[in-house]
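Assemble the complex: chain G is given as a structure, and chains H, E and A must be docked to it using the hints.
Protein chains: 4
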Amino acid sequence: MLLEGDKPREACGVLGIYAPGLDVARLAYFGLYALQHRGQESAGIAVGDGKRITCHKGMGLVSEVFTEEILRQLKGKVAIGHVRYSTTGESSVENAQPLVFHYRDGMISLGHNGNLTNYAELRKRLAAEGVVFQTTSDSELIVSILARSSQSDPVEGILRTMGEIKGAYSLVIMTENRLYGIRDPHGVRPLCLGRLDRGYVIASESAALDTIGAEMIRDVEPGEVVVIDESGITSLRCHYPSPRSLCVFEFVYFARPDSVIDGLNVQRARTALGRQLAREYPLNADLVIPVPDSGTSAALAYAAERGLPFCEGLMKNRYVGRTFIRPTQEMRDLGVRLKLNPIREVLAGKRVIMLDDSIVRGTTSRKIVQMIRDAGAREVHMLVSSPPILYPCYYGIDTSRRGELIAARHDLAEIRELIGADSLNYLSIDGLLAAMAPLSPESFCSACFSGRYPIDVSGIG
Amino acid sequence: MLLEGDKPREACGVLGIYAPGLDVARLAYFGLYALQHRGQESAGIAVGDGKRITCHKGMGLVSEVFTEEILRQLKGKVAIGHVRYSTTGESSVENAQPLVFHYRDGMISLGHNGNLTNYAELRKRLAAEGVVFQTTSDSELIVSILARSSQSDPVEGILRTMGEIKGAYSLVIMTENRLYGIRDPHGVRPLCLGRLDRGYVIASESAALDTIGAEMIRDVEPGEVVVIDESGITSLRCHYPSPRSLCVFEFVYFARPDSVIDGLNVQRARTALGRQLAREYPLNADLVIPVPDSGTSAALAYAAERGLPFCEGLMKNRYVGRTFIRPTQEMRDLGVRLKLNPIREVLAGKRVIMLDDSIVRGTTSRKIVQMIRDAGAREVHMLVSSPPILYPCYYGIDTSRRGELIAARHDLAEIRELIGADSLNYLSIDGLLAAMAPLSPESFCSACFSGRYPIDVSGIG
Amino acid sequence: MLLEGDKPREACGVLGIYAPGLDVARLAYFGLYALQHRGQESAGIAVGDGKRITCHKGMGLVSEVFTEEILRQLKGKVAIGHVRYSTTGESSVENAQPLVFHYRDGMISLGHNGNLTNYAELRKRLAAEGVVFQTTSDSELIVSILARSSQSDPVEGILRTMGEIKGAYSLVIMTENRLYGIRDPHGVRPLCLGRLDRGYVIASESAALDTIGAEMIRDVEPGEVVVIDESGITSLRCHYPSPRSLCVFEFVYFARPDSVIDGLNVQRARTALGRQLAREYPLNADLVIPVPDSGTSAALAYAAERGLPFCEGLMKNRYVGRTFIRPTQEMRDLGVRLKLNPIREVLAGKRVIMLDDSIVRGTTSRKIVQMIRDAGAREVHMLVSSPPILYPCYYGIDTSRRGELIAARHDLAEIRELIGADSLNYLSIDGLLAAMAPLSPESFCSACFSGRYPIDVSGIG
Amino acid sequence: MLLEGDKPREACGVLGIYAPGLDVARLAYFGLYALQHRGQESAGIAVGDGKRITCHKGMGLVSEVFTEEILRQLKGKVAIGHVRYSTTGESSVENAQPLVFHYRDGMISLGHNGNLTNYAELRKRLAAEGVVFQTTSDSELIVSILARSSQSDPVEGILRTMGEIKGAYSLVIMTENRLYGIRDPHGVRPLCLGRLDRGYVIASESAALDTIGAEMIRDVEPGEVVVIDESGITSLRCHYPSPRSLCVFEFVYFARPDSVIDGLNVQRARTALGRQLAREYPLNADLVIPVPDSGTSAALAYAAERGLPFCEGLMKNRYVGRTFIRPTQEMRDLGVRLKLNPIREVLAGKRVIMLDDSIVRGTTSRKIVQMIRDAGAREVHMLVSSPPILYPCYYGIDTSRRGELIAARHDLAEIRELIGADSLNYLSIDGLLAAMAPLSPESFCSACFSGRYPIDVSGIG
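Residue numbers (my numbering), protein chains in the order written: chain G, 354 to 814; chain H, 354 to 814; chain E, 354 to 814; chain A, 354 to 814.
Please note that a few of the clues may not be correct.
A pair holds if it fits inside one copy or across any two, identical chains being indistinguishable in the list.
Straight-line Cα separation of at most 27 Å, BS3-like style, residue types lysine-lysine; simulated pairs [unchecked claim]: (1) K477 x K692; (2) K404 x K669; (3) K692 x K720; (4) K404 x K692; (5) K692 x K669; (6) K428 x K404; (7) K669 x K477; (8) K477 x K404; (9) K404 x K720; (10) K720 x K477; (11) K720 x K428; (12) K428 x K692; (13) K669 x K428.
These aren't lab readings, by the way, just hints derived from the structure by calculation. This structure is a prediction, so every number in the text was calculated from the model and none was measured.
One chain only, chain G, in its complex shape (with noise of 0.2 Å):
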């Protein structure tokens, strides 16, 4: 997978460090680097110093957003960060996170991965009530929810409050001195849990410890609240007890490869996904390329099964950034292609099959498909990696409209003859919950396969 326009979007990836003495956001900028995958849009670390919580944020990429004069003002011994995408359209610094809040015993600051599906009830019933918001986002919904939830014992207003809000929801929460990390009931989006020699580390995904140094301790379980501060760790569950559903798309393209999310490393569920790929469709041909970078896993996998010869045959260009200026229609009409280069002399006169994750609106797999077509291939067979996606995701995702969703429109003959390839094949659903053994079919949300959301969504506008 490659064009963003045309490929899911994670919506947020967050971070939160407990560690007196040690640099704390410094630490959280370096973690955050390894998830800047789950947002490129805006960029976020709040730290609290015992006192008070002070917070930078911008739009951009973590590298953009922070220079080091900034990081040297962030003192602190307990740290939040956040990297967005907006799934809204609401691309603006105020959406920006962590967002923090003063509040009756002090000030609180919060980081959000996941999307709640009651946030049109909630947040009726609170503006009726006289409260007034910021923004139109959830993850402000869940701060009011939270002031008005408080107790004598915070860690009780945090119980009732995910008893209000339902949905996806891993929340990364600090006050001046002490750090939450939160999972909603049904687990949809990962959070892990590791220790710096100093502190403790919660994280979206393992690859932020092993960036900063910490060492893994475990996943943070579902319905989980932990609770880091000077006495240390503390672990609570919430009383609502619900069916694990973390999303497999995170296994399909979302997440690293050197993640390793409630137990399954993600390569090694790539992998395994190429290798029922090869059982599913064993096809001939003389070579087989993935899209990169996501393709990789899968078509290494399936090639070796096949015992077919695995090139690289699209060169992707690693410098079209965030904010380059995109080729207009008419630049298009000259044959400017930015982001991917065939190369000739391996496609050139071969047959050939292309391994991608994934087709959201298909756009650009018809251009690769012709693009290695006009580098002279003489046939090309298509493979994807996980089934046709036909639902909207309500957790997090944003997967486009289900109008524009390819697949929810044409059936499997259209959609090949949409994009051009002489074949195209998709993983079966039964195929790809197989591959994430040792974890169980029943333990995945797959809605966007199978429309069956594990988490009520009727209440979306």
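The following block gives chains H, E and A in isolation, referenced to the frame of chain G:
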């Protein structure tokens, strides 16, 4: 290869477009994207509209230097572009190219890839005659010589200039309405010529042609001057025939895999390097991993040739760019490592062959070997798809000073010891040059490996 | 008066425009220019287009915060604008106004000039009810109270809110399609109403009306709520009648000489202060000089009344703005002085009367007196066109803490000694208020001179 | 005078500091503040540390171009600074000064106030010899001539250069460890010399000396070369004696009131102009108002001499800077006027004398007269404290082209009609020069009034 600090750095990429009626600045912008790997420190585009030359340049990536508004102001029919690394450490906007000057006949602009070897002598001579310079660069010198050689026939002036300057140079030069492409008599740096629907393109690499929809015509020949204006293309040869000495490192590491230089596709050459390595060192192990990204082609070929599994065992963070905040020593002591993360699942308990394209100072290799061991590998065998770098490059590449080259100070056993590998093997020079077939071994400069400098370097300070 | 560090600082200026069919953001931009003297720390404009409110704000001068492109994006029929000094020291963009919120009935935006005196009590009450805040400002509090007072009739909500908040406030409030102008029952801060060809304007000072070509209608009355929408102007009065207490310092120093407040032209008032000073202290000297710029009107009047020559003896550097690099102690020791330069030709050998509008901490006066002596003056007699500042302002002006007020800690003789003048005289309170004719002495707040606070300040921390 | 578009614009201000042991860059920074009125388009400082020259410059005000961090990096013992208006319209950073070059003997930097009259001829000659230029400025030309005149004795080279260049020039030139101050043989532009505790300063105006605590020694004499280095001050004279031709407009408008040029204080000169005007045109009226700020001194003197009341009748907005968004025609039609606001209270019903220092195109005067009438004035009589500008300046001031000078195209009656005043009178040339006493009338250039150019201008295109 990966950590900039420990790799040879290409000095520059150049590009020229002559295309009345098209948006030449925008085409140059997109073309420079494809050359961004040749220089990430500064970028610039100059445009001629028949009456005057306008230029914009700045520090940073192409995407950072240009905005939509700037591109809109660069109107004309001829453009040249440039991306640059500083080879001298003088990393400032004064040194950014294209250079633009007023001279007797109007305005002139120049972009240079390469390095003059008689710079000191030429500069001393000119300064004694009262010439003043804005910079200490050899590129500015070329313009002064050209202006003084200026004849009624400008091409005659260029040929005279080529008689005075020695060294490596691929040049794009532009007046208000004409484009010149010039390659030094040895052809050290690449330069190629392509055709647009309504114009012509000259570029350091053919990938830039592909990116903007131009069709490759041919390479610019060593000693050739290509002149493009309203009468079409004219070609002249300088009267200084020299043995062809194409830089072999372009194939080992610098150039893009999808480029074709002097008839040879870069990825094909790298694949041949991997195969040759398998012949010279037929090791056994559990798996072969590349150091991403430049080691991948050779590692794939090595694994295929040896029948060993190929795996991605190191995850590279794509977001670690030019301008991020580097970890302090304290952070590194805490275990912060941003650029690479090993995948424990892949490496644990394995005998690993790790393949990289080259070693300069060795510091990065040592870190990577250690990282692989920490992830649980039982053995780490390092293979390098080029010979030891023993001599500095004086032709436009920054290979560090000789005293910093690990292979210039240590023998093979010592290097292996220093980087901590269980074994270490470099490709032979003969093997390297053999892998460049069908190009003949004599047609290359491999001075950095052999010390045999094809162009006199005695005048270098 | 001159050196910001040593002068009372106005907290804010506000502006509102209702003018369907006109470019309201641009009008607001130009109007804020005319209010820039009331706040130079941040600036902002919010615009409502009937459906939503868009806002842009930032740190710095109006000219620094807005660009042509930003103005173009602010489309609508109603706008409010704000310029701000921080009175608390929390100088960050979070505190910039206008504030914008979502609430039950849509969006709302507010700009505030003044200061609430029951802030602490209100905030404590709301926080206890679970309200969260983004800032510690009293302005945000007003919005929360308003949202909770929200009625079927929004004006009723405003009137109720005015019953809860105490202190000084001139407010502009905007919904997506309506503009409100509100002045507290005491009328501490100015607010006036003007007419455009096709709309209405509300502003802190009439100079803003002049600047954008609006015609003054009248002042907004203390306790009045002006509502402007498609049905025109409606006016309501709150049910909390209070004695009028217009801040006299607006005339002494803050407001522009070309503004008219509650019927009195500011320059006319300052001229009367100079004349009154001549009556109270009929000194003889060779010449009268003002401390530029705010002392000029009174100095001219004093000189004319006394028949003495008036001269500009101090040259002010107009380019010393908000964001220049201040001289270090070392530089000051070397004699670097940026803001004022005496004209030796004018001062040498003379007995000089120097007239300033006020003294806060006295440090600047001491420097100026010394500067005049160094330029050769034989005698320096200082006259101040207002009484000694003995008490802090709690109604929206930053007069420094009481401990820093030179007149609160020293008697007249001591102050004269400290500033090094040959004589020093302040205008009397009675003289000050008499000069405000035809406005009656009872209609002013002069608490900073007299300590008689017209609004209860016992709740202030 | 007020609206830049309608006033002569000074080209530049220069400054040089030699002071080992002091922070010369910071002193230059503060000194440039005092010269900011001489050029607001770009600013720059170059510093020499004995080994090399470092320079920072950029578009904008001194406060915009420099930051604390930049100043800290400019270390050395000798510095030159420059502020600039473009006289040619080429308003880009390439033209910002100081210019810095490498030449035979090392590095050299130059700042220039003035304009060469034989520029075209010199440039043609050099270009024919193969010299290339970065800019089209006459200042760059000076460096090339200097480098070619370069002798074993550098001062000899400077004197030779002064023999080749014609026109107006006050120069500061710096090598790595020496400072030169040079004033052209006619002394058209001012330049003065001052003493610091531990060093020396050269500056366009004495106000810059005052600002940084330097004591004025004397003016640099026409044709003088001042050399400052570790051996102290040396003075040489060029061998080209010429009649002294100091620009009289420096006293009329350009220079600061607190500066002393060639012995005459600028405010004293302006006061004399006002008095002279009273003698030539002893009008009666109700009050005298200045056009702020430059008309103030003369207006005060006129009013005193005539025994008429002086008032500030026009309020100038101090915040309308270089980079604000100008009102569109639509906005101007709506009545938006940013820079000046009349005070109705002062003007209504009055016969007003309005005094300005000069009229260039007349457009601003017309607007101001109308503004005063709109504020209710019964009569408006305009007095100008200088003669009609009939000829362009070729010596470093941008007076607009001749065709744009209102007085070059219209007689007095027509101008009065065009600006809409009830009467209009200009000071006579004889009156102007008489007011410059004790300086003799022969020592001035008044070519813009008289057309008698003291330096040959026949070579100007």
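Against the structure, the hints:
no. : hint        : verdict
1   : K477 x K692 : neither (44 Å within a copy, 46 Å between copies)
2   : K404 x K669 : neither (48 Å within a copy, 38 Å between copies)
3   : K692 x K720 : within (11 Å within a copy, 31 Å between copies)
4   : K404 x K692 : neither (48 Å within a copy, 35 Å between copies)
5   : K692 x K669 : both (6 Å within a copy, 18 Å between copies)
6   : K428 x K404 : within (11 Å within a copy, 40 Å between copies)
7   : K669 x K477 : neither (46 Å within a copy, 45 Å between copies)
8   : K477 x K404 : between (34 Å within a copy, 18 Å between copies)
9   : K404 x K720 : neither (55 Å within a copy, 39 Å between copies)
10  : K720 x K477 : neither (44 Å within a copy, 55 Å between copies)
11  : K720 x K428 : neither (49 Å within a copy, 30 Å between copies)
12  : K428 x K692 : between (40 Å within a copy, 25 Å between copies)
13  : K669 x K428 : neither (39 Å within a copy, 30 Å between copies)
The earlier numbered hints that this structure contradicts are 1, 2, 4, 7, 9, 10, 11 and 13.
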